[in-house]
Amino acid sequence: MSAIAAEPTRMFMAFFDPVDMVLCCSADTTVAEVNDRVAPHGLRFPLVGDPGSSLRAHVAAIDYASGSARFGPYVDNILGMNWELPSGTVVRVGERVIKSTTGYDLQRFLLHSDGRYGHARDYVLRLRPRGGARAESVLHGDEPALRKACELLLRSPWLHWLDAVDLVLAADRGPVLELAADCAPGEEERFADFFRQLAGESGCQIPAPPAPRRWTLPALSLKTTLSEARALGAELVRDFGGTARVLVVSGVVHYLPAAPGPAIPAAALTTLIRRCTAVGGHASGPLAPAPTPSPAEARWASELEAAWNQL
Amino acid sequence: MASFPVSPELARLQARLAAVMPAGRLLTAPAQLAGYETDGIGYKRHRPDAVAIPANAGELIALVRLLQGESLPFTLRGAGTSLSGGPVAAQGGLIIHTSRLRRIEEVNSRDLYAVVEAGVVLNHLTETLKPLGLCYPPDPSSGAACTLGGNVAANAGGAHCFRYGVTGNYVLGVEAVLLDGTVVQYGGPAGGRGAWRDDWKRLFVGSEGTLGAFTRFWLRLAPLPGKAWTFRATFGDVESASAAIRGLACHPAAPAAIELMDPRFVDLVEGSPMAVGLPRGSFLLLTELEGPSPLVDPWVPVLEELLRASGAIGVTCSDQPAQRDALWRARKVAGGLMGQIRPDYLVQDAVIPRSQLGAMLALIYAEADAAGIPAVNVFHAGDGNLHPNFLFDSRQPEEVAAVERICRRLMHQVIEIGGTLSGEHGIGDDKTAYTAAFFGQSGVTLQLAVPGVFNPRHQLNPLKVFPERRFA
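Protein chains in written order, with our numbering: chain A, 1198 to 1508; chain B, 23 to 494.
Don't read these hints as lab results, they were simulated from the structure. From a predicted model like this one, the values you see are computed outputs, not experimental measurements. Cβ atoms here follow ideal geometry from the backbone N, Cα and C, with glycine treated the same way. Heads up, a few of these hints could be off.
To be verified - Between beta-carbon pairs, the in silico distance windows are:
id: 1; chain 1: A; residue 1: 1330; chain 2: B; residue 2: 296; range: 42 to 48 Å
id: 2; chain 1: A; residue 1: 1208; chain 2: B; residue 2: 377; range: 18 to 24 Å
id: 3; chain 1: B; residue 1: 343; chain 2: A; residue 2: 1208; range: 24 to 30 Å
id: 4; chain 1: B; residue 1: 77; chain 2: A; residue 2: 1491; range: 27 to 33 Å
id: 5; chain 1: A; residue 1: 1216; chain 2: B; residue 2: 392; range: 28 to 34 Å
id: 6; chain 1: A; residue 1: 1500; chain 2: B; residue 2: 354; range: 31 to 37 Å
id: 7; chain 1: B; residue 1: 330; chain 2: A; residue 2: 1428; range: 49 to 55 Å
Using the sequences plus the hints, can you model the full thing?
Encoded structure:
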C-alpha cells in the first residue's frame, strides 16, 4: 500500500534550522549521519546507542541511551514527526518548536507504541550545542566502591553536566563506571579533577585512560528505579553472563548476551520484567516479549485504532 | 445551612453529593461560588453550580463514581492560577477543588523521586526538598500558589525549563480516577509504562483535566544545581537582543534561563515607584548560569563578553543571593504594575521559532497600537516562548473585542510561521478557536480520538482544548 499524506501542506519537510537547533530527517537516518550533518554548525544529537543504527532502531530498541543522563529519553528529543498510520495515511504529529502543550501528547504515546498504531517516516530532532571537547573517565572498583560513587554522583550538581553515567558490568571483567561529558576545550581538566575527587571519596581507582567504546544496541532494555537498575544489572550478568550497561541516572539496564540467541530462560525473563513493571517500569528490545494488554487496555487501543482508521 | 437555588441537574444529585461531602465542603452559596468563576484570566467568568472540596483521594474517587453517567459536568481545579481558562466550569456543573489533597507522601532520596498528592503546592515541594539537597526543577511563576495537579494537567514550564525541561519531563507516574470509576496508575517510581502495553501516561500529562481526575503523582527529582550566577543586560534594539539570545541558546555554558522583556515592559517598571534604574526604551535580558563553581565561574567573563559583543548597553551579574534577587526585581514586579494601568490583563502564550522573535514583536506592536491596547512583552526567549500581556478594561466591550482580535491575528501568525499555540499554559477555553487551524482536519481527528476513549461524553472539563468537546 502506498502512503498518502492526509494534508500534504501540513507535513514536515526535510529541513535544518541551526538557529532553533532542530533538524527534520528520515526516521531511517543513522545517528552518525545526523551528527555529521549538524557538527559543522556546532551542534549534535546527543543520544547514541550505536552510531551506525537508524534513529528508528534506537527508538524501538532502547528508549534511553547514555546521553539520556543529561537529555532524557529519545521521546524528549524528538519534537515532531510525520507518522504513517496502518491505513497508509500519513499525518503530522508534534511540532518543530522545542516546547508545546498544545493538545494531547500523541507524539510520545505513538513513539512508545512499538508499531501498533503505525510508524514514523520522519522525525524533527532537537539538537544540542557541541562543546568541542569531551571529558571521559572510567572508575574501577569493587561493588561497594562503585555503588558509593553512583550514590555520590546522584547527589552532586555535576550530575547536570554529565552526558553518560554508565555502570558497565560484564561476566569476563570487573565492573566499571564510565563517565562522559561534552564540554568546551579547556574544561576537560575541571571534569578530570572532579572525576579524581569522586574516585577518592568512593574508594575507586582511575587506572588508565578509557578504551574506545564499542557501540551496539542491546538485546534487552529494562526500565526500573535507579537502585533496582544497578541490582538488576548485576544479577543479569551473574546469572546469565554477557554484559549489562546500567544507565545510572535513567534507571535503565541495557543487556547484551554473550552470544546471540535466547540467553535468558523465559520464566526468568518474565520474573525480571515483573520486577520492573511492579515499580512502574517496563522492558523493551528484541528479547522483550510484547506485553499482553488487559481487557480495558485492549478496548482503549481498539477505540483509538477505529477512530484513526477513519483517516 | 441556608439553601440556595440550584440547577435541576444538581438538585437531583444534591442529597447523594451531601452524603459523600460533609457539610461545609459542598459549596452552593453564590458568594462562595464567585471565587471559582474564573482562573488567572480573570475577565471570563463561568459560575459553577456547586463546588466540592474532597478531604482526600478516597472522597475524590467517590465523587467521580457518583457523577459517573449523570447529567452534571464537572471540572477539577487546583489553585486556579491557570492562564488559559482551564479549571473553570465553562458549561456549568460541579467544580472539584483538590486543595486538600496536599500530602507529600514520600521523598525517596535514594531513587530520586517524590510521591505527592495532586493538590500539593509547588513551592511546598520545593521547600521540602531543599534541605535534602534536592530539587524539582519545573518553576512556573505561580509556584507560591499553583498545585502540582494543575502543573501536570497543563504541562507547566517556567523560566528555567530552557535547561531543565518542563513538568512532563519529570512525571514518572500518575494515578487517576477515570470516568468509569476505575483508579489507574500509569508508570510509577520507575517512570516507565508499568504493566501497560502502551504509554498512557503520556496522554494524561498535559491533558488539561479532560481524561481523568488526578489523585497522585510520582515525580522525578534532581540534585540542587549548585552555584548560580544571574546576568542582567540591556539592549537598544531587538536585533542585538536576538543576537545575544542566539548566542546564549547554543552556548556550551548551557544557561538555565534566558528571559527577555521588551522596552514597554522596561518603561512600565521605570515609570513606577519600583524603578530599578534600567535605561528607558531598552530591552532587558536576564540569564542564569547554574552548576558546580569550578565549571560555571570561568564562564562568567565569557558570557559577559558575549552579551557585550551582541550589543548590550549594560551588563551586570552577581552570584550573591540578595543581588541576584535585585537583578530579577524588574521581572518580578511587572505583574502588579500591569494591574495598576488597566483593570484587566490577558497573558498570551505561544512558541515560535527563535528566529521569528523580532517579526512577531513587530506584529504585536502594530496590532496593539492600532487598537489602542497597551501591550508589554515577556519572553522565555531561550524556548521561543512568547508571553505578550494585553492591558484592557473588560467592562468596555470594544476593548475586549479588540484584545480578542489581536489574539486571533497573533495566533494565526504563530501557526503561519511554524509555531505552536501554547508552550506552558495549555489551550483551556481561551484558545480553542485556533485548534482547527493549527491541527488541520486530520490532526483534530487524531486528537479527538483520545477523549473519545476516556471521556466520550465530555462530562469532564467540557469545552476545553477543542471546541467540539461539548457535554451533551
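Against the structure, the hints come out as follows:
Taking 42 to 48 Å as the suggested C-beta distance range, the pair residue 1330(A) and residue 296(B) conforms, at roughly 44 Å. At about 21 Å, the beta-carbon gap between residue 1208(A) and residue 377(B) stays in the expected band of 18 to 24 Å. Our hint of 24 to 30 Å for residue 343(B) and residue 1208(A) is violated, since their Cβ atoms are close to 49 Å apart. Distance hint for residue 77(B) and residue 1491(A): a CB-CB separation of about 31 Å, consistent with the stated range 27 to 33 Å.
Checked against the hint of 28 to 34 Å, the pair residue 1216(A) and residue 392(B) passes, with Cβ atoms roughly 30 Å apart. Checked against the hint of 31 to 37 Å, the pair residue 1500(A) and residue 354(B) fails, with Cβ atoms roughly 47 Å apart. Range check, residue 330(B) to residue 1428(A): Cβ separation about 52 Å, and the 49 to 55 Å hint holds.
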